[in-house]
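**Q** Sequence:
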Amino acid sequence: QAMFERSDEFDSRAAGLGLFTGSVVRFPDDQGLKIPQIGWNQIEIVQPECPIFHGVENCSYVYFVHSFYPQPEDDSIAACRTTYGVEFASAIWRDNVYATQFHPEKSQKIGLMILDNFVNLARG
1 QAMFERSDEF DSRAAGLGLF TGSVVRFPDD QGLKIPQIGW NQIEIVQPEC PIFHGVENCS
61 YVYFVHSFYP QPEDDSIAAC RTTYGVEFAS AIWRDNVYAT QFHPEKSQKI GLMILDNFVN
121 LARG
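If you're matching positions, the sequence shown starts at 1 in this note's numbering and goes up one per residue.
Read the hints as simulated data drawn from the structure, not as lab findings.
Take these hints with a grain of salt, some might be off.
The following label-pair restraints were derived from C-beta to C-beta distances [to be verified]:
#1 G85 / T21: 36 to 46 Å
#2 V119 / C59: 21 to 31 Å
#3 E73 / Q31: 21 to 31 Å
#4 Q31 / G124: 35 to 45 Å
#5 D29 / D75: 40 to 50 Å
#6 P48 / V97: 11 to 21 Å
#7 D95 / D30: 15 to 25 Å
#8 H54 / G32: 28 to 38 Å
#9 Q42 / S76: 13 to 23 Å
#10 D116 / P28: 18 to 28 Å
Cβ atoms here follow ideal geometry from the backbone N, Cα and C, with glycine treated the same way.
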């Protein structure tokens, strides 16, 4: 969340680092969703060339714990999308910057694959 220009978390509209244009907003309260979203959900890999998703099957399940989601102004930075009442960017990729809205460390085999891909990228 800190990578975007602003966030609604804590009702602060706090300024973020601004690495990406856009904001982080709360899931809508009027859709009968349990907020925070806690549990497994699918990722649609919309940028299959993203290196951290090498070998990860489209529509794999990963683990989420969140009440907010990113709304990038540039949709092309979304590496994955997920739907929880609204469709949102669940992973971001631009150049050598990677961010996930889900918790790869809690996402079992798929998460370990993503983390392994990231470590291998860092090693060069």
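**Q** Take the hints in turn and mark each one as holding or not.
**A** Hint by hint, here is what the structure shows:
no.: 1; hint: G85 / T21: 36 to 46 Å; verdict: 24 Å, violated
no.: 2; hint: V119 / C59: 21 to 31 Å; verdict: 24 Å, holds
no.: 3; hint: E73 / Q31: 21 to 31 Å; verdict: 23 Å, holds
no.: 4; hint: Q31 / G124: 35 to 45 Å; verdict: 44 Å, holds
no.: 5; hint: D29 / D75: 40 to 50 Å; verdict: 25 Å, violated
no.: 6; hint: P48 / V97: 11 to 21 Å; verdict: 18 Å, holds
no.: 7; hint: D95 / D30: 15 to 25 Å; verdict: 37 Å, violated
no.: 8; hint: H54 / G32: 28 to 38 Å; verdict: 37 Å, holds
no.: 9; hint: Q42 / S76: 13 to 23 Å; verdict: 21 Å, holds
no.: 10; hint: D116 / P28: 18 to 28 Å; verdict: 35 Å, violated
Of the hints listed earlier, those the structure fails to meet are numbers 1, 5, 7, 10, in rising order.
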